[in-house]
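Respectively, the protein sequence lines represent chains A and B. Under our numbering, the final residue of the first sequence carries the number 232; numbering is consecutive throughout. Under our numbering, the final residue of the second sequence carries the number 749; numbering is consecutive throughout.
These are computed hints drawn from the structure, not numbers from a lab. Treat the hints with care, as some may be off.
Covered stretches of chain B (chain A as the covering partner; in silico rule of three or more C-beta atoms under 8 Å from a C-beta of chain A) [to be verified]:
hint	segment
1	153-161
2	429-441
3	551-562
Bear in mind that the values here come from a model prediction, so they are computed numbers and not experimental data. Here a beta-carbon is modelled for each residue, glycine too, at the ideal position from N, C-alpha and C.
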Amino acid sequence: MKFGVVVFPGSNCDHDALYATTKNLGESATPIWHESEDLSGFDVVVLPGGFSYGDYLRAGAIARFSPVMKAIRRFGCGGGLVIGICNGFQILVEAGLLPGALMRNPRLSLICRTVYLRTETVESPFTHRLERRRILAIPIAHGEGRYYADEGTLETLEQQDRVAFRYVTPEGEATPEANPNGSLRNIAGILNEGRNILGMMPHPERAADPAMGSTDGLLILQSMASDFAASR
Amino acid sequence: MSAVTSDLVAQHGLTASEYERIVERLGREPNLTELGIISVMWSEHCSYKSSRVHLKKLPTSGPRVLVGPGENAGIVDIGGGYAAAFKIESHNHPSFIEPFQGAATGVGGILRDIFTMGARPVAVMDSLRFGLPDDPRDGVRNRHIAQGVVGGIAHYGNCFGVPTIGGECIFEPSYSGNPLVNAFALGIFPKDKIFYGTASGVGNPVIYVGAKTGRDGIHGASMASAEFDEESEEKRPNVQVGDPFLEKLLLEACLEAMQTGAVLGIQDMGAAGLTCSTCEMGDRGGSGIEIDLRRVPQRESGMSPYEIMLSESQERMLLVAEKGREEEISRIFAKWGLDAVRIGAVTGDGLLRVRNNGQVVGEIPNSLLTNDSPLYDRPAGKPWRSAPLDGPGVAEPSTRELREGLEALLASPDICSKRWIYEQYDYMVRTNTTQGPGGDAAVIRIKDAGVSLAMALDGNGRYCSLDPKEGARLAVAECCRNLSTVGAEPIGATNCLNFGNPEKPEIMAQLVAAIEGMGEACRHFQTPITGGNVSLYNETLGQSIYPTPVVGVVGIVDHMTVPLGIHFRRSGRSLVLLGGLLPGPDNRAPRRFGSSQYAKVVLRQVWGLPPGIDLDYEKSVQAAMREIVRQGLAESAHDVSDGGLAVTLAESSFGPAGIGARLELHSDAASHYLLFGEAPSRILLSVPPDDVSAVVELASRFNVEAPLVGETDAETISVRLNDADLFTTSVDQMYEPWDNALERMLGQQ
Chain A
1 MKFGVVVFPG SNCDHDALYA TTKNLGESAT PIWHESEDLS GFDVVVLPGG
51 FSYGDYLRAG AIARFSPVMK AIRRFGCGGG LVIGICNGFQ ILVEAGLLPG
101 ALMRNPRLSL ICRTVYLRTE TVESPFTHRL ERRRILAIPI AHGEGRYYAD
151 EGTLETLEQQ DRVAFRYVTP EGEATPEANP NGSLRNIAGI LNEGRNILGM
201 MPHPERAADP AMGSTDGLLI LQSMASDFAA SR
Chain B
1 MSAVTSDLVA QHGLTASEYE RIVERLGREP NLTELGIISV MWSEHCSYKS
51 SRVHLKKLPT SGPRVLVGPG ENAGIVDIGG GYAAAFKIES HNHPSFIEPF
101 QGAATGVGGI LRDIFTMGAR PVAVMDSLRF GLPDDPRDGV RNRHIAQGVV
151 GGIAHYGNCF GVPTIGGECI FEPSYSGNPL VNAFALGIFP KDKIFYGTAS
201 GVGNPVIYVG AKTGRDGIHG ASMASAEFDE ESEEKRPNVQ VGDPFLEKLL
251 LEACLEAMQT GAVLGIQDMG AAGLTCSTCE MGDRGGSGIE IDLRRVPQRE
301 SGMSPYEIML SESQERMLLV AEKGREEEIS RIFAKWGLDA VRIGAVTGDG
351 LLRVRNNGQV VGEIPNSLLT NDSPLYDRPA GKPWRSAPLD GPGVAEPSTR
401 ELREGLEALL ASPDICSKRW IYEQYDYMVR TNTTQGPGGD AAVIRIKDAG
451 VSLAMALDGN GRYCSLDPKE GARLAVAECC RNLSTVGAEP IGATNCLNFG
501 NPEKPEIMAQ LVAAIEGMGE ACRHFQTPIT GGNVSLYNET LGQSIYPTPV
551 VGVVGIVDHM TVPLGIHFRR SGRSLVLLGG LLPGPDNRAP RRFGSSQYAK
601 VVLRQVWGLP PGIDLDYEKS VQAAMREIVR QGLAESAHDV SDGGLAVTLA
651 ESSFGPAGIG ARLELHSDAA SHYLLFGEAP SRILLSVPPD DVSAVVELAS
701 RFNVEAPLVG ETDAETISVR LNDADLFTTS VDQMYEPWDN ALERMLGQQ
């Protein structure tokens, strides 16, 4: 498997994603400069966390116009795997590749902590190596992570089994207390209709190494690196 | 050009005799631009004119020190071909006037100091001091300052992509009109790739990179060299505005440009901006620099040479490149969307020559601006202290008062959880943080070198106000002790000396004594000071802050696994108090209790002296601690400091497992001294029963006391003294007020 990690001006978690995919996952990975429009040779594209273009105007609002985003749209429409983490999720939403919006946290400041996620679906290339309702301990670090969508969109996401992860208590309950940022229905990550594009606010690459206290995030990377079709 | 009048000289913060010195050295009167240039370089902030004499007494070299004071940051060898660059610097004055931007640009400045040496910043910590959040008169302002400062640090560090992994935050009335914001940063690089702020090779181009120059921050260094009065808020235009995104681009572009080999010297433009970077680079290289201001990228029109030279606009660097390779460099900066403009060249005449459109507007020998700046050995009297030596007679508290005292301490601003602060910081980015905020020391792994670095910041203004020398010794000792709890060997230190007006002998005496104490302790623990910063004139309306020397120590661990934490992990583990019940000279005396958090928070009085410390014993405790970690004999280790043993016990219980403990003490000392006295040289361990004898044996080999003081216990905290119950409480009941206190105090507007 060949991973590509997009580097925008202001990407901060690009090194972390490269390290996790190569050292922890053991696949090959290279950076993709934001001006590149050529994604040939890549099996997975990672939009990493950070503050692309300083997050000026609104997180992800400027990055969506980058040349690389045109290529990612084509890549995604052709069935290529795309994962947007944190700022990457914000960019995917701004680009219209995923529905809804990510608004400022109710506290209006960044929150960095390890949260618990419940795996809502295993019917995706990102989660097929997990069990349904499996609890994952994965860190968040964002100021604009409050998932919002209109009622119709939320219903569609639920009906099409496209909510990938929800914020839950350590016991697995999706309570308001377990929701760090006021996201509607405790949503932490969603899939596109084709199920080959995932956006999630938590950082799986930060939970991919025993030295970081949790390796739950590695399960997501491992899912991506193994054949989803063959697993069905 | 206007003539220089005595009023003008005074407005620039120069004395009449300093002005005479300028005229004598120049051989003529300076013009206004030159006066501005000289005045910022001769300001206390840039010249260290009151402290230089004394700073020489600090130890600065050691087996691992590659670069000591005088460069942008100190550098130590961490093995495996790698080095760490680190430094702490104050941004106190700007943070008082405009808390958010003041703190943000403080972080920005220290980050540039690190990457200008070629190192990629991988960790930030902050030492913060604020006035009391619930002060009846100044509470609103104190909260506003604390919220703004934390927000500013978060804004800059998060966007830049460096983890803010720890620090300390203390609230005292003396910081009400003068908060302290000391930012520490550490970076990593191959040790043969160090870059210096030096200009060499006549004819080589001097290149300006980064943000454009505006009118912001003019005279920032001079502002930081004066006391505040009622009109200080009018100095807001002197505070710079930071853009962390731009700094992130500057970092990547600079590191990439350094790879080409075309960069010969580089220095950031911090305090005193273009002035400081040009004359310092010239001076270090033994050469001169000539620039033309017409070529300096400008954000505003109509800026005078005076304004351009003194601007402290952020996110700018000056570099000297190999002649003929300018194109290579500007291509890299263009890739990152940044300006890289040749504004001048290196000369051989030792002068800083400033032209504007070809015409010379300033010509000053570099040496006049750097080494030849004034040097004062100011008179030092007896250190000023506000608290009495003898306090009230303190009767032994009732058992109920002991429990309530513990509750009050845990919910007090200095001791309560700092979660409200550190959760605003991304402390995990770069996936190196193996122990983040909330522990005794912060620890990051260095993937390339295969080692971990532990670091901590410590300073206790209250102790120093009672005895500056002992207070400084205690700070260094505590910092090194914090490192020892994770098994780290201290290898180097940096300091930030925050004091009042040095022209007052009783303040100068505090500074002198603190440096003496710090030097003694740093020699003792073999932690040379590789750099740092002095911040004087921390006074508002004639009221000085507590003397606050802050030290940051960096230590090394020879592996990358998760370090020992402070939290109890299982019940039924033995508690060992490494170091003993109340070690150190005289720590059972009432005078020593007057400096404790219990005296401050519960008795609401401060008196007496800081705890006494025996540095030899302290060193043995730390050596024993490191050996215990190496042999894997303990499950948790937590240094005993603010609030004493009872607070340490409670904090050790506040982990994810929520395991409490039964503390069983046997002593003829009074219960409040045992529980809340702050004697140093102590670390509370939880040890599996099978390993207790090994721990005790090991401690005795180091001549260190290691009494068994109880055992861990699910969910409750109970304390017994000489087989009598003092109190019992649940972990949850203690945890909630500790966990929420800061958010209650600062979370609302």
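State whether the coverage of the segment 153-161 of chain B by chain A holds or is violated, taking the criterion as 3 or more residues with Cβ-Cβ distances under 8 Å. holds (count 5)
Against chain A, does the segment 429-441 of chain B show at least 3 residues with beta-carbon separation below 8 Å? As far as the segment 429-441 of chain B goes, the hint holds, because 5 residues have Cβ atoms under 8 Å from chain A.
Proximity test - 8 Å, beta-carbon atoms, the segment 551-562 of chain B to chain A, at least three hits: holds (count 3)
In this structure, none of the earlier numbered hints is contradicted; all agree with it.
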